[in-house]
Amino acid sequence: MEKVIDMKDENDAINPQRRAFLGVAAGVTAAVTVAPGVLLHTVDAAPRAEPVTSDVRWGLLIDTAKCVDGCSACVDACHHENGLNLQTMPAEQAVKKWETQKPAWVRKVKLQDNQTGRMTTLPLMCQHCDDPPCVDVCPTGASFKRADGIVMVDRHLCIGCRYCMMACPYKARSFIHSDVHGQLTSVPRGKGCVESCNLCVQRRDFGQESTACVDACAAEGHHAIVFGDLKDPDSTICKLLNEMPSRQLREDLVLNTGVRYSGV
Amino acid sequence: MAKSVLTVGLVALGLVWALAQTAQADDMKRYVVAGSQAAKLESCVEPTELMRRQHMEFIKHQRIATVHEGIRIEKYSLSGCVDCHISYNAEQIPQPINQADQFCGACHAFAAVNLNCFDCHAAVPNGTPLNAAAMAAHDAAGVAAQVQSSRDGKGH
Amino acid sequence: MKRIVYREWRIPPTQFWSTLGILAAMVGMATLAFGYMEHTGHWVSGMNNSVVWGTPHVFAVFLIIAASGALNIASISTVFHKPMYKPLGRLSGLLAAAMLMGGLLVLVMDLGRPERLIVAMTNYNFSSIFAWNIFLYTGFLIIVIAYLWTMADRQGAAFNRPVGLIAFLWRLALTTGTGSIFGFLVARQAYDAAILAPFFVVISFAYGLAVFMLVLMYAFDEDNRPIGEKIMRRLKNLLGLFVAGGLYFTLIYHLTNLYGAKNDGFELWLLTNGGMHTFMFWVGSVLIGGLLPLGIIYHPELSKERNWIMTACGLVIIGGLATMSVVIIGSQAYPIQMFPGQTILESGFFDGVNGAAAPYHPTIPELLLGLGGVAVSLIITVVGVRVLQFLPESLADDVVALDEELLREEAFAKPA
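Chains as they are written, first to last, in the working numbering: chain A, 1 to 264; chain B, 1001 to 1156; chain C, 2001 to 2416.
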């Protein structure tokens, strides 16, 4: 616990400088390299002023052929972007048990075909269904689908009943089992609510091009995940979906997922 | 005789106590913390009197627009409150705004109103700010990456 | 036939207060457990991201369906015109309200944000069966209280039958709703079966009656009030019928699953290979909750002894909790089949690596919380029967109404 506080202080100490800097640099729009191999795009960084509409539908295409076994760049990037790494294991908890209780918005899964022995590895996250079971079952309406197709949790309404976790066919949601300290301004999260991948909604509303996992995968040179608008025929994701065979997970449930997989 | 002295004494004590309470209350009314950005401004995004009574309504209205419709430009944003009202100690460390001697914490303690925004929301500006211009500037300089790296001590 | 007189429960004050003290201690421990789990977070419980509902929910769902089952006794007399059951109606209503309160309390105390209960009361999503259940539960409480009034007050007597009919239909809806919480989930193989709704209705009859009989026999024994053979035989046979009905639905549920190849994996796991869950199913649910009580109830000698009947009721309750744990915990522990025909070799989130079930180890706070719900139900019942006239003075054979079955026999016996 003490360690967490120390780290927080160290982190907080940076803020004044950053804030001073912001005053000078405000308004600059650019695309620059912030770390070796990481390219941040800020094309149109205007915050959203109009309500999101159903003219767009955000989605992901995952090419399992390009996904590399043993790589967890997307998972790490997600933890980083959304501050999941700020939630540390309670001191008295057993590591093995915490593994079953810690948050996970995206995880890597490795499969083998029973008949052919073919191996596949892929990232698995909220599939952003068009007809999401989690939204159907939520008693308070905290679990909802935004007009642009993002399925997310309104943490102000979530009472922590976890019925959505029972209903999700992808086991995409996790419950915050312990206190969270030092949250990011952009991703508020706290004990007792359910959460899941929201396609980096904070990036969406500020007009950024992609998600943390996509950037991280690209930075590793794998380019296994593509993000884009499923309703725009000229988008990269639509063109790729046109070219290559892809499928939804558990398509028998006819949920019309926003995340598609090829090669699985 | 002794009885009347006691009575006068008690009344005097009561008066002093009441006075002290009033003085303390007067003191406590000035919650805007010196050194914060807000201290330099005439008023908040609305007149002070309105903000005192209605801020929770403003924030609540904004939260629905932001969470459900993705609107991020409304003026009543909680991160805006934090950005403007945050103060720093001698070591330039920002003080969590819900702390008992800080803007939100002090007033809520005085009014005895439970404050649970910061169960989930960051009580100090943390990470990439939710402001377009600042965000762009951030990205330009890679500050966001630095802040993140220093937090978990790994440095991706 | 004598007039039925209702009297307060007249056990010695020391016994009353010590009973209350023990129950209050259980509630106190549950309150501590609740405070502990909510203050530290759910990581101190055995529940995790795979098994999201655990021991508290086993108790809560058991109490809720037993509540609707307990009301059945009153319905039998009011709706189905069996005057023999009439003296039991008040206790039946009281138990129904008490167990519903206990069950709901456990459910609420386990929420991640219980202080936001007001949100659940003010924001409804009507596509959620859970939201509907909030209405079903509160409505049930109101209707049961009205029902009790019609049973106990002279002015209310006129409304007894209509209110009783509404209560009967409402309790059917309530149990169907509770079963549908699970039955409507397409995500998990063990759920996604409409049969769960009628299954819940039938087991609710059994659990409610078992609790009712235990409470009735205990209360009468302590106060030296007589229960006649006639009514005992009727209640006992009814319990046997409901327990057998529950077993039948269990059989149909598993046969349906076994028929389709896609559920072979789940059935194989639950029936043969699921460790604790397999044990809970065969020993807890089928043997303790089904076959043993049936054996006692229909045994020519044992079925005549009160202690054995009480044992049978106890077994039905224990078996009921085991059934709930199979339905709630076992069904979640079996991994979701996201990739049919493939084996998961590695996963960062317990997706059933090599078919392994998700871990769940119940903890003491969870158990205390669940038992606290039971204690709350019993406190309401004990205080209720102590201060108000819920229990009839006597259920001796000469007091209860004539057994209409015997009437019929006599009618047949007449020479044509």
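The hints are simulated quantities; they were obtained by calculation from the structure and are not laboratory data.
Glycine included, C-beta positions come from ideal geometry on N, C-alpha and C.
It is possible that some hints are incorrect.
As the list claims (entries may be wrong) - Computed beta-carbon distance windows for the label pairs:
| hint | chain 1 | residue 1 | chain 2 | residue 2 | range |
| --- | --- | --- | --- | --- | --- |
| 1 | B | Q1037 | A | D130 | 49 to 57 Å |
| 2 | A | E50 | C | V2383 | 57 to 65 Å |
| 3 | B | W1017 | C | W2149 | 48 to 56 Å |
| 4 | C | I2252 | B | I1073 | 55 to 63 Å |
Checked hints:
Checked against the hint of 49 to 57 Å, the C-beta distance between Q1037 (chain B) and D130 (chain A) comes to roughly 44 Å, which is inconsistent with it. The hint said 57 to 65 Å for the Cβ distance between E50 (chain A) and V2383 (chain C), and at roughly 59 Å that hint holds. Range check, W1017 (chain B) to W2149 (chain C): Cβ separation about 53 Å, and the 48 to 56 Å hint holds. Judged by the Cβ atoms, the range 55 to 63 Å given for I2252 (chain C) and I1073 (chain B) holds: they are separated by roughly 58 Å.
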